[in-house]
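Participant: Whole structure, please, built from the sequences with the hints as guidance.
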Amino acid sequence: LTTRSTDSLDDRALLRGALKALTEEQRSLIELASFGGLTQTEISQHIGQPLGTVKTRIRFGMMQLREQLGAVPREDIKP
Amino acid sequence: MTHDQFRELLPLYVVGVLDGDDLHEFERYTAEHSETCSREITEFRAVADQIALAATPIKPSTEVFKGVTAAIDDHSRMTKRLNASERRARKEFSVGMIVFRWIPWAATLILCVLVVIMNNHLREVTSQLALMTGRNTALQSENTTQQTKLTDLTGQLHQLNTVVATQTKEFKLQSDQFRDKNEQQRLDIEALQATNKRLTDDKAALTRVADELRRELENQRQQVASLDRKLTAQSSALDLMMDPTIRVFAMTDPSGATKAVAKAYWHERKKTGVIAASNLDPVLQGKGKCLELWTMCGNVPVAAGIGWTDAAGHAMLSIKPDNSFVCADKFAVSIEPETGSAAPSGPVVLLGH
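As given, the protein sequences belong to chains A and B, one line each in that order.
1 is the number of the first residue of the first sequence in my numbering; add one for each residue after it.
1 is the number of the first residue of the second sequence in my numbering; add one for each residue after it.
Simulated from the structure, these hints should not be mistaken for laboratory data.
As the structure is a computational prediction, the values presented were derived from the model and not from experiment.
A couple of the hints might just be wrong.
As the list claims (entries may be wrong) - In the SDA-like style, the derived pairs of lysine to any residue whose C-alpha atoms are separated by at most 20 Å in a straight line are:
#1 A:K20 <-> B:A52
#2 A:K20 <-> B:L53
#3 B:K263 <-> B:T252
#4 A:K20 <-> B:V113
#5 B:K259 <-> B:P347
#6 B:K230 <-> B:K263
Facilitator: What follows is the structure, encoded as structure tokens:
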């Protein structure tokens with residue numbers, strides 16, 4: 001976790017905006033991965049999509065989120 | 001694994017979906033390159049951690065809210081009992097707690113969301129499991145039926161194989177017999193064909209001989225017929241010449257150019273006669289000419305028949321005048337066209353009276 005105060009209203013709004021910017025498929029897969037506790041294989045079987053498609057959507061979605069949220073300063077990252 | 005592959009798997013790793021070989025490879029690579037990878041993992045994990053905070057807060061129930069508030073109050077009362085120096089430190093800690101008081105709420109919120117999602121997922125999995133169990137039972141039943149059918153079919157197949165083997169053996173035996181018989185028949189046919197050819201050749205030779213004999217027989221028949229006619233004519237002529245009432249006329253070539261001579265024998269009462277000629281230039285039948293006989297009463301010639309010489313210039317000509325004949329005091333022979341003429345048109349080669 002970073003030391004950035006993510007509980008502030010501004011940061012939460014920024015985070016939601018970044019999630020909304022994703023496609024519906026990317027967003028739902030990332031939410032399923034983050035909150036569902038399923039592996040990529042289980043997600044693939046659950047939604048009936050090929051494993052490669054699941055991996056690609058999650059990867060591009062996460063990379064887009066990283067861009068939207070901005071680079072986290074190195075010094076703010078706890079090891 | 002390369003570092004590019006590491007970076008491809010990194011977003012999946014930080015949200016915790018990697019499994020199987022991907023996870024194994026990723027962890028092995030990060031263990032080998034921990035210094036390079038740890039910073040990138042930490043950086044990306046921060047993004048994943050922030051996602052959890054994006055969920056919409058759910059207002060806790062009154063009991064939960066009271067429980068949390070009471071816990072905070074208890075904590076505050078405990079803080080008051082601390083000594084001043086500790087109070088200062090606790091006060092700083094309390095400030096920190098105030099700053100981070102959102103953490104229990106967020107944790108509660110995340111737990112609620114997780115429980116709801118897991119419950120839904122568990123329900124789906126349970127229903128799918130029941131469905132698959134039902135299908136599995138049906139498939140097992142069908143499999144048992146198919147196994148029974150397969151066993152029956154295998155038995156039938158075995159019987160059929162036995163029958164086929166027996167029939168194949170019989171067929172081979174019959175085939176060999178047919179082949180031997182066929183070979184024997186082929187040899188017989190060849191022998192028959194050779195015999196037939198010989199017989200055909202013999203028949204053709206015999207046919208040729210028979211045709212030749214038939215032609216020879218026809219020639220001889222014609223010769224016999226000709227000789228018969230000649231014999232009949234000569235018999236008639238002889239009878240006529242032997243008659244004591246016969247009149248004889250000597251005939252010669254009136255032009256004196258040839259030595260042709262003839263005698264005409266005429267029976268006055270029968271009105272018929274014959275001319276026997278020699279030394280004539282040959283006038284052969286079928287050569288376009290003939291000798292035509294004429295009887296003359298006064299100077300009126302009357303046609304009395306036609307005839308031909310033989311190759312030596314001899315001829316025996318019958319005198320057969322038509323009904324218009326009145327008398328005969330002269331006889332003449334002239335050369336005329338093959339079928340004769342109504343009046344003399346060719347040269348007179350014999351004349352007698």
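Participant: Hint by hint, say whether it matches the structure.
Facilitator: Hints and how they fare:
| no. | hint | in the structure |
| --- | --- | --- |
| 1 | A:K20 <-> B:A52 | 14 Å, holds |
| 2 | A:K20 <-> B:L53 | 14 Å, holds |
| 3 | B:K263 <-> B:T252 | 9 Å, holds |
| 4 | A:K20 <-> B:V113 | 19 Å, holds |
| 5 | B:K259 <-> B:P347 | 15 Å, holds |
| 6 | B:K230 <-> B:K263 | 18 Å, holds |
Violation of the numbered hints given earlier is absent; every hint is satisfied by the structure.
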